[in-house]
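Protein sequences, first through last, are from chains A and B. Going by my numbering, the first residue of the first sequence is number 61, and it counts up by one from there. Going by my numbering, the first residue of the second sequence is number 61, and it counts up by one from there.
Facing chain B, a subset of chain A residues (Cβ under 7 Å, in silico): (1) T62; (2) E75; (3) E110; (4) Y114; (5) Y121; (6) I132.
Per label pair, the in silico range of CB-to-CB distance: (7) B:L254 with A:N240: 52 to 62 Å; (8) B:E247 with A:N221: 48 to 58 Å; (9) B:T77 with A:A265: 21 to 31 Å; (10) B:G209 with A:E75: 18 to 28 Å; (11) B:D185 with A:G261: 37 to 47 Å; (12) A:R243 with B:D255: 51 to 61 Å; (13) B:D185 with A:D206: 25 to 35 Å; (14) B:E184 with A:L233: 40 to 50 Å.
Straight-line alpha carbon distances no greater than 25 Å define the calculated BS3-like cross-link-like pairs of lysine-lysine that follow: (15) B:K134 with A:K181; (16) A:K83 with B:K83; (17) A:K208 with A:K111; (18) B:K181 with B:K234; (19) A:K111 with A:K83; (20) B:K208 with B:K134; (21) A:K134 with B:K181; (22) B:K213 with B:K134; (23) A:K134 with B:K134; (24) B:K220 with B:K204; (25) A:K83 with B:K111; (26) A:K213 with A:K134; (27) B:K111 with B:K208; (28) A:K220 with A:K134; (29) A:K208 with A:K220; (30) A:K111 with B:K83.
None of these hints come from the bench; they were simulated from the model. Here a beta-carbon is modelled for each residue, glycine too, at the ideal position from N, C-alpha and C.
Here's the letter readout for the chains.
2 protein chains.
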Amino acid sequence: MTEQKATNVHWHEGEVTRADRAKLLGHSGATIWFTGLSGSGKSTIAVALEKVLYGHGKLVYRLDGDNVRLGINKNLGFSAEDRAENIRRIGEIAKLFVDTGVIVLSSFVSPYRADRDLVRKLHEDAGMSFVEVYVDVPLEEAEKRDPKGLYKKARAGQLKNFTGIDDPYEAPLKPELVLNTDRMSLEDEVAALLDLLTRRGVLPA
Amino acid sequence: MTEQKATNVHWHEGEVTRADRAKLLGHSGATIWFTGLSGSGKSTIAVALEKVLYGHGKLVYRLDGDNVRLGINKNLGFSAEDRAENIRRIGEIAKLFVDTGVIVLSSFVSPYRADRDLVRKLHEDAGMSFVEVYVDVPLEEAEKRDPKGLYKKARAGQLKNFTGIDDPYEAPLKPELVLNTDRMSLEDEVAALLDLLTRRGVLPA
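In isolation and in its complexed conformation, chain A is listed as follows (with noise of 0.2 Å):
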């Protein structure tokens, strides 16, 4: 757990409340956490959700492993504690999002297990939807793939502590959902998510 630097803080309910948020948008905020490797497809999956989802009236917003990194994590790199920071951050800030109503797509890597139920945690403790979406592809497909060219530079050893090549990736236990990208289609990925958003209440039946 992170340590609690700060004393005499408390927690300021507001006067206007969650339940006020989500009557004025017409829903309550989720929190759709797309996990896997570098290369299996999260963020194409995260964008074209958000479509759908924007089409269906849905406030929704992607937090990506490259865009929080140029912002608010712009201060941490991949060193395992860096890691956890990022994802702990992260974490705080969807529940933050998803407090104000709007649907969260976030897709980084969040290669250990540990972060991620700690994000789980954190929306469970406070009523939150959490769905944790595996996105499964072998090593061997992320790396043909290689979109960014990152593969490469981890083999030529121009990168250090990268998924896969020389740091773990810790595969969910049980998620919500696991898209196996190099056997589906980006369809049939999409309509495995909006059902399963539906019999989560996150999208009406």
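Dock chain B against the given chain A, drawing on the hints supplied.
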């Protein structure tokens, strides 16, 4: 400037844009940044403004010093360095919210001019509205109110680096609005804010 540690990261433009989200909500996002001494009345004003904006159908969310320090910034204390990082992170979070279309009300002591100016720059460089509101009371008045008993603790040496006692407060040089909460009623303060937000296009004329 905070050093950028991760390389190989690039900004991903989503297919659903900031403009699309503003269309869905019927308004754009903006950050209203309240700054001032502990006990100056920042949170009281933010809570009152939140209620009015919600009544106007705006999706509004309060980021509060205490709340944020229990979550994303729980690993930060009150040294100058930690204060700077506290405000930097809050500024980046506010920016993500504004990108989503949310009107953010942030109430933090945020005592250092350079930190607030960085947050302003983050917003303005991205074409986002940033409104700085200086909640100005004499130190003696804030200390007399002492709603959380913090001044008393600071005077007794039980709290270190307390703004106004043994840490400086740098007043804004060009805030968009100054509220003298020792001489104005809460009603008049909210009226001044609504007038400002109307002139800035955040609320309809």
